[in-house]
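*Asks:* Here's the letter readout for the chains.
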Amino acid sequence: MLGSGDPAPEFALPDQDGRTVSLSGFRGKKVILFNFSSW
Amino acid sequence: MWQSWVEEHRNLEAQFVAIALDAVPERVGQLPEAQGVSFPILIDKDNSLGEAYRFTAVPNAFLIDEEGIIRYARYGGFSIADDPGRSELLATLAGEEVHAASRTSPPNPEARRIFKEGQEALERGEHDAALGLWREARELDPDNWIIRKQIWSVEHPELFYPAIDKDWQTEQLKREGYVR
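Residue numbers (the numbering used here), protein chains in the order written: chain A, 1 to 39; chain B, 1001 to 1180.
The shape of chain A in the complex, shown without the other chains:
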């Protein structure tokens, strides 16, 4: 598991319209990352 103080691994994933969004694109801002599913 990752915890406080660990670097957040980079990701680049498509949004619902197919545009790629990466974590590094939010550098300089706090990010709340929430993982969920439809199932």
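By construction, these hints were calculated from the structure, which means they are not laboratory data.
All figures in this text were calculated on a predicted structure; none of them were measured in a lab.
Any given hint might turn out to be false.
To be verified - Listed below are the simulated DSSO-like cross-link pairs for lysine-lysine, each with C-alpha atoms no more than 30 Å apart in a straight line: (1) B:K1045 - B:K1116; (2) B:K1116 - B:K1174; (3) B:K1045 - B:K1174; (4) A:K30 - B:K1045; (5) A:K29 - B:K1045; (6) B:K1116 - B:K1166.
Claimed, not checked - Only some residues are given here: those of chain B computed to face chain A with a beta carbon under 8 Å: (7) R1027; (8) L1031; (9) D1044; (10) V1058; (11) G1068; (12) R1071; (13) Y1072; (14) R1086; (15) L1090; (16) A1094; (17) S1153.
Every residue gets a Cβ at the ideal spot worked out from N, C-alpha and C, and that includes glycine.
Fit chain B to the given chain A structure using the hints.
*Replies:* Below, chain B without anything else, positioned relative to chain A:
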């Protein structure tokens, strides 16, 4: 629910990013929570995030600071509307150090590789091949709920959409011989 939280906490200047661990992306857009939102909802079809962030279940939450460092991590059972996750996240956003009680097992990299192969088969319309590969992945990583539940949701969509049948899941776990 997420959208109202985002609107209520706009003053915190934190970017909310939701990531769905769904091998069938179309289902995400049909969720009521995904309608009319102002934040990105990303789709992780082949569980790449589980490998990078070391989880085998959802829902999870992470707060990442301006420099890209994790300041809060809750693995399993996170809800933005309910405690403890709700209070923990707000405390961390206010600068407090919070250690969340987390539960997840580490993902098996070989299981993830096979799951990804199965997802690709599913995209080609090879339904049975996909399920075969996913079952193989499940055998390698029996505690991986992302794999196990996606098998169920593709085999039995009627038990997930529009509503999730929890009783069936309890019985199905017994049928699969799963013991914690």
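*Asks:* Out of the numbered hints, which ones does the structure contradict?
*Replies:* Hints 14, 15, 16 not satisfied by this model.
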